[in-house]
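Number of protein chains: 2
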Amino acid sequence: MLKERYPSKLLEDAVEAISSLPGVGKRSALRLALHFMRQPQENVHRFAEAILHLRDDVRYCSTCMMISDGEKCSICSDSSRDTRTICVVSDVRDVMSIENTGQFHGLYHVLGGIISPIAGIGPSDLTIGELVQRVAALRSESDAPVEIILALSGDVEGETTAFYIYRQIEKFGIKVSTLARGLGFGDDLEYADQLTLGRSIVNRQEFRP
Amino acid sequence: MLKERYPSKLLEDAVEAISSLPGVGKRSALRLALHFMRQPQENVHRFAEAILHLRDDVRYCSTCMMISDGEKCSICSDSSRDTRTICVVSDVRDVMSIENTGQFHGLYHVLGGIISPIAGIGPSDLTIGELVQRVAALRSESDAPVEIILALSGDVEGETTAFYIYRQIEKFGIKVSTLARGLGFGDDLEYADQLTLGRSIVNRQEFRP
Chain U
54 MLKERYPSKL LEDAVEAISS LPGVGKRSAL RLALHFMRQP QENVHRFAEA
104 ILHLRDDVRY CSTCMMISDG EKCSICSDSS RDTRTICVVS DVRDVMSIEN
154 TGQFHGLYHV LGGIISPIAG IGPSDLTIGE LVQRVAALRS ESDAPVEIIL
204 ALSGDVEGET TAFYIYRQIE KFGIKVSTLA RGLGFGDDLE YADQLTLGRS
254 IVNRQEFRP
Chain A
54 MLKERYPSKL LEDAVEAISS LPGVGKRSAL RLALHFMRQP QENVHRFAEA
104 ILHLRDDVRY CSTCMMISDG EKCSICSDSS RDTRTICVVS DVRDVMSIEN
154 TGQFHGLYHV LGGIISPIAG IGPSDLTIGE LVQRVAALRS ESDAPVEIIL
204 ALSGDVEGET TAFYIYRQIE KFGIKVSTLA RGLGFGDDLE YADQLTLGRS
254 IVNRQEFRP
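So the protein lines, in turn, are chains U and A. Position 25 (the first sequence) corresponds to 78 in our numbering; numbering is contiguous. Position 116 (the second sequence) corresponds to 169 in our numbering; numbering is contiguous.
Chain U extracted, bound-state conformation (with noise of 0.2 Å):
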């Protein structure tokens, strides 16, 4: 393909920075850019300040290392979650996943990644050596029991990641979990994939009526 000609530099600026971001290519870039053109200037101001204070003033939780406007994020500040519980996710938008169907009420841990060797993202690239660090202060803080649940994917990657964790968590001695799999509420058997239909005949449930 022929190099794109800009009429503008301004504008070949603007369509280089849009894309740049992942998933848009030059050609929703320019679109993208000549809707900022027809936009009122204070719209595009708002956009673009919207993103600087995300970026200058957003924090993380000291604690569990999810996106936060303070020291200590809105769910770690929450004295009435399960402290002793913590749940173990790659990324902030599990957080927002599992925060959404109202169905826990310990804490997180965010890792900020996988391990990943072909990404090149080892396990000092994480934050596993945080979420030892807090096992390690719960156990001397008390007797009572605790609960990592590692709520990761499962691919190689996700599995990997789990089993890494449980071998440097495993010396605490505390109840480690993960997620049940098995076929998603309301999937058509013979829609499942071999591999989930098969794991969730060997780990049926008992029928709960």
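Everything labelled a hint here was simulated from the structure, so no lab data went into it. Hints are supplied without guarantee of correctness; some may be wrong.
Given that identical chains are not distinguished, each listed pair holds provided it fits within a single copy or across any two copies.
[Stated by the list, open to error] Straight-line Cα separation of at most 27 Å, DSS-like style, residue types lysine-lysine; simulated pairs: (1) Lys-79 to Lys-62; (2) Lys-228 to Lys-125; (3) Lys-62 to Lys-125; (4) Lys-79 to Lys-125; (5) Lys-228 to Lys-79; (6) Lys-228 to Lys-62.
For this one, chain U is given, so just place chain A on it according to the hints.
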């Protein structure tokens, strides 16, 4: 769907701003917001500045209404171009597409849209008045021929706009043309839509081997 709860007001504001872009939903907006958080601060500032500069400093060519960094765009300023052939397009992107072909050496006129009663866009919202003035000026300047190419879309709105413009400029007695329509180069007959194939046969051209 439940209303998403955000762990941070700053994140929520950024997601709100990003999801106001056309074609970007809440989920993609969250993904992009988290992307900005992971980028080096200077990259995010460069991004915001590129968009603010575009919105605040970009101009439109006083002649053809094309995006321009100055009073006159690079096409209108190019003395090698044929100033008496004007290609009328609805959008800045159309100019870029035609320029990329390298096949047109006249000037442009950007309407800034297309007549669309449904979208509430009438002739006075477009730069049709300016086009009529340009044609009038060319006619009074010299007796050399003038050609207006109506390079608008082939749908009802495009044809309505083309017809409206034609009625406004026919009094000048100039040549008015439109884009050739037919099968694309490399198109298979069996996959062509009926309308296109039908018109291709009716408007068949002399074979020049």
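Structure-based check of each hint:
no., hint, in the structure
1, Lys-79 to Lys-62, "within (15 Å within a copy, 31 Å between copies)"
2, Lys-228 to Lys-125, "within (26 Å within a copy, 72 Å between copies)"
3, Lys-62 to Lys-125, "between (44 Å within a copy, 14 Å between copies)"
4, Lys-79 to Lys-125, "between (40 Å within a copy, 25 Å between copies)"
5, Lys-228 to Lys-79, "neither (50 Å within a copy, 36 Å between copies)"
6, Lys-228 to Lys-62, "neither (59 Å within a copy, 34 Å between copies)"
The structure fails to meet hints 5 and 6 from the earlier list, while all remaining hints are met.
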